[in-house]
Amino acid sequence: MLKERNQDSMKKEILITGFGGQGIVMAGRILGQAASLEDHHESTFVQSYGPESRGGACSAQVIISNQVIHYPYISRPDILICMSQAGYEKFINTIKPDGMLLVEQDLINPRNAEVEIFSIPATRMAEESGNKMMANIIMLGFLTAVTEVVSLDAALKTVTRLVPEGTEEKNIQAFNKGWDYGRATLKGREKKAAGQTGAIS
Amino acid sequence: MNSFHIILFVCNWGPHSAFQKLQDESADIPAEVKMVRIPCAGRISKALLIKAFEMGADGVMLAGCHPGACRYGSGTESARQNTEDAREILELLGLKKDRVRFATFLPDDSEAMLRLLKDFSNEIKRVGKSPVIPTRKPAPGPIDKKKVAEVVAAHDIFACQDCGKCSSACSLAQMGKPFSPRVVANSVIAGDIESPTVIENIWACLTCGLCYERCPSAVNFPEFIRDVRHVLSKSDRAGHETHGGFFQSMMRTLTSPDLKPEHWEWLPNDIRSNPDGKVLFFGGCAPYFDIFFRRHLGVRTRKILVDSLRLLNFFDIEPALLSDERCCGHDLLWSGDQENFLKLAALNVESFHHLGIEEVITTCPECYRTLKHDYPEHGVEINFKVTHLYEIIEKEISKGAVDFKKMDQSVTFQDACRLSRMERMADLPRKLLSRLKPKGFQEMKDHANAAVCCGNCSWIGCDSFSKALQVQRLRQAHDTGSNLLVTACPKCQIHLQCAMEDPFIGEEIKMEVEDLSSVIARTICWE
Ligand code: SF4
Ligand code: SF4
Ligand code: SF4
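If you're matching them up, the sequences are chains A and B in order.
Take the first sequence: its position 186, counted from the start at 1, is 186 in my numbering, and no numbers get skipped.
Take the second sequence: its position 424, counted from the start at 1, is 424 in my numbering, and no numbers get skipped.
Think of the hints as simulated: they come from the structure by calculation, not from any bench.
There could be a bad hint or two in this list.
Here are the simulated PhoX-like cross-link-like pairs (lysine-lysine), alpha carbons at most 20 Å apart as the crow flies [stated by the list, open to error]:
| hint | chain 1 | residue 1 | chain 2 | residue 2 |
| --- | --- | --- | --- | --- |
| 1 | A | K170 | A | K157 |
| 2 | B | K395 | A | K187 |
| 3 | A | K191 | B | K260 |
| 4 | B | K51 | B | K260 |
| 5 | B | K431 | B | K445 |
| 6 | A | K192 | B | K399 |
| 7 | B | K260 | B | K125 |
| 8 | B | K405 | B | K437 |
| 9 | A | K187 | B | K399 |
| 10 | B | K399 | A | K132 |
| 11 | B | K399 | A | K170 |
| 12 | A | K192 | B | K406 |
| 13 | A | K170 | B | K405 |
| 14 | A | K192 | B | K405 |
| 15 | A | K191 | B | K405 |
| 16 | A | K187 | B | K125 |
Over 10 Å on every C-beta distance to chain A, these chain B residues come out as not near it, computed from the model [unchecked claim]:
| hint | residue |
| --- | --- |
| 17 | A27 |
| 18 | D28 |
| 19 | V198 |
| 20 | P257 |
| 21 | S273 |
| 22 | F293 |
| 23 | D307 |
| 24 | E381 |
Fair warning: this is a prediction, and the values are worked out from it, not measured in the lab.
The beta-carbon is built from N, C-alpha and C at its ideal position, and this holds for glycine as well.
My request is simple: use the sequences and hints to build the entire structure.
Laid out in structure tokens, this is it:
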């Protein structure tokens, strides 16, 4: 969780990676707009236009800060979100030592990661609720819950505004799934840290 | 009337000689003591001890022979155990254990007896008048045929097409009982309600609902039976209550508004509840079952409640508990006592409303069905939501980050008729079962909506056909190759375990039984 949230200077650099068609860019756009338009922070959003965007790897860079951002490109992310193994391999070495890693559990083997990892089977959850295309929104809900870089309210409003008309309700449901999963994960870690692993300790 | 009523059960042998001596000497036996002479103190069952209180006693003393002096050998010990259990039950009921006492006397112990009677009488006066209002027993009389006709019309029994599907499905008929729901329905329509066979059949039905499941005309036979039983009871033609009517006595006692039961005193300290919460956990009668059956079946249904609460706590849900919780009334309703059912329903709902409860969680399928459907259907309005524990647990688990430990047992599942058939929720426990990690899971031959009954409902008329049914069911469970029978209702556990006590085939049909809530609670963990 972000401890700097309430401190004077806050700056978070977030890199989302995956492959084309997973809605990586959309997730980045929602995150950036939620931070600026709803939470009233500064934010920048850049989508990668490298050769990899043609069908292969794809990424979105979002910076959220409470001060003016002078340069929108990220070289050392605080938060790395990976939805493909290729994206993971490419960026894992750039993450800051105290950074957070969020991965799509079924698609990524987070070998050699030395930072705190949060994983969610977003694609499977999306398939179970009938729409594989919503894995990005589930991931976004998860991200909102575990990192708190944007507020829940801001994220929900922005999802509603940016997703195609007529799909708002489905997307909100997907977002909430990811959010619930994130909250459950945090709760589980808290309980485990307190030595309560099961219902009968 | 403010006078006290103390019942003194006196064994025919030693204690009666002592009592007679007091009478002969015109000793000043406290006036509130009413003596009842009995053949042996060991024959005064828990049911009889509690019945005295249902009928308005303020105190009961059981006088038996000295240990070793019992003419029948085990009478003293039985009496001691029964009194001990009855005292605990009185505590649960909120009547205080001091109202029952057991003492032993030799024939020449008259002085000691007098001292003890005076002491007990003072004690009862100190504890005070019992808040129990005796319920009236209906007077014998002719069966109200008009009412029967109304029940027939209300359930549209005329829709029966005489196809016989119900009779070929009926669990009792399958066991060879000369019993047919079709014939019962048609006899009642024909006005043949006075016939002893018809009456016997009306009380024999298990209300398991298998016939309704099969009926092409949707004749709801179990509810029809339930309501005909009500009419029969009103003319004193109640069925045979099992266990000496203990459970009916306990439920009727609980209908007294001034009684303050102490339902949760026994709960382990580490369970977290929230007295101001708007979500309430309604436990049901498990605490009574465990005391009543502890010397016979080793029943441990309180564990179901503890494990359910632990599961809620696992997900950080801290429900409110009703310290003076009463029975939901299910068994009174299904055994024909609608009047007392309604009293319990009104008292429960009043308590919920008083606390501003918005949602009631139950783990017992009977409580679930009763609170959710039978209260409103019988005119007791509810303004709270009724949720089964499984619904909440499933919702929480599906949020993710939860895992289950591997089990070293293979499991099969006994459906609860109230949940799987009547509430059409057979899929829900299965969804939870599919999340577990047992060695294997195998359904019994008859399962889900077609599952076979555990053999008894509402503590009415348990007989050899019930036993045969249970044996058949346990054989089906063994046929799956499983070694753990998972249940969803405390009573399925009790009745099926009862069959395993059979001295001849008990070993063969024995199987470990555990409630689904307990299985989940002991295997769930954070991922
Ligand atoms: S199954 Fe229904 S229609 Fe057929 S005999 Fe039974 S009650 Fe009548
Ligand atoms: S409710 Fe059960 S026991 Fe009663 S008639 Fe129907 S199948 Fe038979
Ligand atoms: S099966 Fe056993 S416990 Fe159940 S009602 Fe019959 S005798 Fe009682």
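**Request:** List, from low to high, the hint numbers that the structure doesn't satisfy.
**Result:** 3, 13, 16, 23
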